[in-house]
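Residue numbers (the numbering used here), protein chains in the order written: chain A, -16 to 331; chain B, -16 to 331; chain C, -16 to 331.
By construction, these hints were calculated from the structure, which means they are not laboratory data. Check before you lean on any hint, since a few could be wrong.
Said to hold, decoys possible - Below, in silico cross-link-like pairs of lysine-lysine (PhoX-like), each with a Cα-Cα straight-line distance of 20 Å or less:
#1 C:Lys260 <-> B:Lys312
#2 B:Lys227 <-> A:Lys176
#3 A:Lys260 <-> B:Lys29
#4 A:Lys29 <-> C:Lys260
#5 B:Lys227 <-> A:Lys312
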Amino acid sequence: MPGVTAAQLAELVGGQLIGDARREIVAVAPLEGAEANCVSFLANVKYVSLLTSSGAGVVFVGKGVARSNGDVIEVNDPYAAFVTALEYFHPERRPAPGVHPHAAVAADVELGDGVTVGPGCVIESGARIGNRTVLEALVFVGARAVVGDDCYIHPNTTLRHRVELGHRVIVHAGTVIGSDGFGFAFDSGHYRKIPQVGTVVIENDVEIGANTTIDRATMGETRIGEGTKIDNLVQIAHNVRIGKHCVIVAQAGISGSTILGNYCRVGGQAGFVGHIKIGDGASFGAQSGVSQDVKAGDVLSGSPARPHSLWKRIEVSLPRLPDLLRRVKRIEERLAMTSEAKESEHGR
Amino acid sequence: MPGVTAAQLAELVGGQLIGDARREIVAVAPLEGAEANCVSFLANVKYVSLLTSSGAGVVFVGKGVARSNGDVIEVNDPYAAFVTALEYFHPERRPAPGVHPHAAVAADVELGDGVTVGPGCVIESGARIGNRTVLEALVFVGARAVVGDDCYIHPNTTLRHRVELGHRVIVHAGTVIGSDGFGFAFDSGHYRKIPQVGTVVIENDVEIGANTTIDRATMGETRIGEGTKIDNLVQIAHNVRIGKHCVIVAQAGISGSTILGNYCRVGGQAGFVGHIKIGDGASFGAQSGVSQDVKAGDVLSGSPARPHSLWKRIEVSLPRLPDLLRRVKRIEERLAMTSEAKESEHGR
Amino acid sequence: MPGVTAAQLAELVGGQLIGDARREIVAVAPLEGAEANCVSFLANVKYVSLLTSSGAGVVFVGKGVARSNGDVIEVNDPYAAFVTALEYFHPERRPAPGVHPHAAVAADVELGDGVTVGPGCVIESGARIGNRTVLEALVFVGARAVVGDDCYIHPNTTLRHRVELGHRVIVHAGTVIGSDGFGFAFDSGHYRKIPQVGTVVIENDVEIGANTTIDRATMGETRIGEGTKIDNLVQIAHNVRIGKHCVIVAQAGISGSTILGNYCRVGGQAGFVGHIKIGDGASFGAQSGVSQDVKAGDVLSGSPARPHSLWKRIEVSLPRLPDLLRRVKRIEERLAMTSEAKESEHGR
């Protein structure tokens, strides 16, 4: 990517340059380690001391943030300006369109304009791939699956039969969409498989991390709402419905038929039991364990999940519990009371 | 699949039709959303109100359950009848037998009758694949591995050298069987790899979810017992032995050399330390942490895992702990006692 | 592998044979189940009773450990001797060098001497593969990625563009290195992707388990230090830095920009929030949840993680909490005090 002048950069992000208009900028870098031909950003005034020490040629700052020893571009949102600059200097890599000779594409597959099918990809009968979509390499697309326009499917992923992806969906490497739900009926001493005949629908603008698994519905569909972002190694069980614009951090797991509203945020390694309903905008701390319906906007932590402020008070109190036992015993002695502890409760 | 009459359906599931014998049924559906040409089921009388409002043409019900406005088929087990109907309307998809030209199969591999080897599959020297088994696409089968009859191996899976799968085993996409166990000896400031020279044995009728990992034994074998069902993203470490007909839910992890009996149930995200022994029929709540031997039939929850009823009492008591600290302090003041709290215990 | 005499075996491990020098040994086995042509080992005197009952032809033992009914080889470290014997009897399998015709290797890829590129592998433009490295099958190596000498990359793995692996690195099946970090800016009601333009550097002698994910940095690099061992299904987020000779057990997760020192040990299913700093040699119990900086050498457990000894005291005290509530109530009644419990705190 060719460099730009500081003035051009200011125009790109809709900001106000205070400094040398002709300075050439060739890269984006964090404040620490940035050089004179780099643009950096200060999003949090907590780090304002880095502003002075940084060698960055120019820095995106909020209105009125002063930098004694260098140039700035004042913007409304320094972080958004930084993302825009990143996008400019690092445009998305898209391989050239075409079907690689090492791909196996069934005769009746519909490929849109400008599609890339990389080496080792397998596309089964009746599948449809939208315009400009990239299947990078070693991607499996099952029979009658549908992938929309401008999607990017990374290597070694599996999109099983009949799953549907909207437009601009990104699926990272190793992820599996449409695996059978985990459903068995216990019958005469063994588990009998319940056919999983539903599917998975991924709406527009969803991004799914690496080695994540999204099971198909028993009947009907598992659905991921528009704009939702899912991290690596996440488990989404059959018939789950995730709303729009949710964020689900790595290694979280959501059990069957649970429904999340829009704008929910789920921390890493959090777990949800099945068949519960989570209101819009609810948020869950890392490692929380959610076993009941949750109201819109609730902020929960811990396992079992409780209101975050309550969980914080419990956390602070817990280390005092061993001592508390001794204190109560001392009080009982003083009052000549017996403790009446039931030993049977002090189990393992 | 062609439709059947309600009378034929009743015969298929061994039930008693109360209603129109000639009604045509073409699909299975849940009570909500079912149409007049669908069969549905009522397994739990808790949902009996759905029975009246459902548009299903006919519904599998238990003996004596009345449906004022529609037809029913009375059966002993409505859920089992529903599974039978699902199987009838959705027979398993099996690709045509044969070896795809984009597969790489070593010259001395033994392929049974009616085997499917899909595009991109790799089968190394000395492997044996049983009759009618399907390797869907991009499946790796290592040297001298053995896969039994009627197995279904989904895309992008890895079955490493010498692992053995019984008959009717299902392995979902992205799963790895026979990866090296995590074994190192600390020696002179660095970790030295302990060769993992054992293998993995998967018995008949096991189903393994997507992106799960099952490590080979250091010496001897890691073994998964007949009929056991394992969900997605589960970790089974080296030398673990799982009994027959267990259920292990997504993201659970079992550390090295731990032994589970038959009919154990392990909740999602539960973890087991290594070298412990779990009795038959024990069951473990989601996110439980198991660090000791467990007796047959025990029901445990929490981390560290405790008897479920005890854990429930602890859970209920915990929110009262912050207030309890204040109450005890007030008692001490009343009695003019010092609290003698040891500050050193109130750590982070 | 041909057998050796007990005398040759003693020489191999630098030990002192007490027994029949000409006995032929053909395999390594645990004490239980070992036969007369096997060598076994006793590393922990706790299991000394197995020494007498074992059928092993010869056993590696510490200095001065007597075996009444059989031969021994005295060594300084019986476990290390056992590993040496395992390595001798099970030399690493390496497929023959060469590029399989079913691989897709870009024209400008640099392959070192003796490299193996298995069937189904895809290597993109500008990548470099070091001497004697094995890409087993169905491995994806992205543009300009660098893999050092003597690496072993197992099937169905993805090494994305520009990632760098040192020498003697082992990557197990299904693992993804260089997936995009999970970074989004919330803007006008939706999440905007932050380009992840950094990379991943894996230093020498690192081993990474199966289906693990290591994200590339937003800018700069995610780095795994020399000699570190990572188990299966582990999540390493963008810009994380792991020191040298750490051990990270299965299903652990480390959030963005967190830094671990050298010789840290992380238990299974443990989780770390982002942007914290962990000192050298710190160790973390299974399922711990780490949300603050940790000093060198600290030993923590629990969620939130606390000093291990404190956590143990809390664990032991917890089952007594329900009874403690009753005891304090009784004291209050005796003193005619009200409990003043705030019901609002007894939430879910």
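Status of the hints after comparison with the structure:
no.: 1; hint: C:Lys260 <-> B:Lys312; verdict: 37 Å, violated
no.: 2; hint: B:Lys227 <-> A:Lys176; verdict: 15 Å, holds
no.: 3; hint: A:Lys260 <-> B:Lys29; verdict: 18 Å, holds
no.: 4; hint: A:Lys29 <-> C:Lys260; verdict: 18 Å, holds
no.: 5; hint: B:Lys227 <-> A:Lys312; verdict: 48 Å, violated
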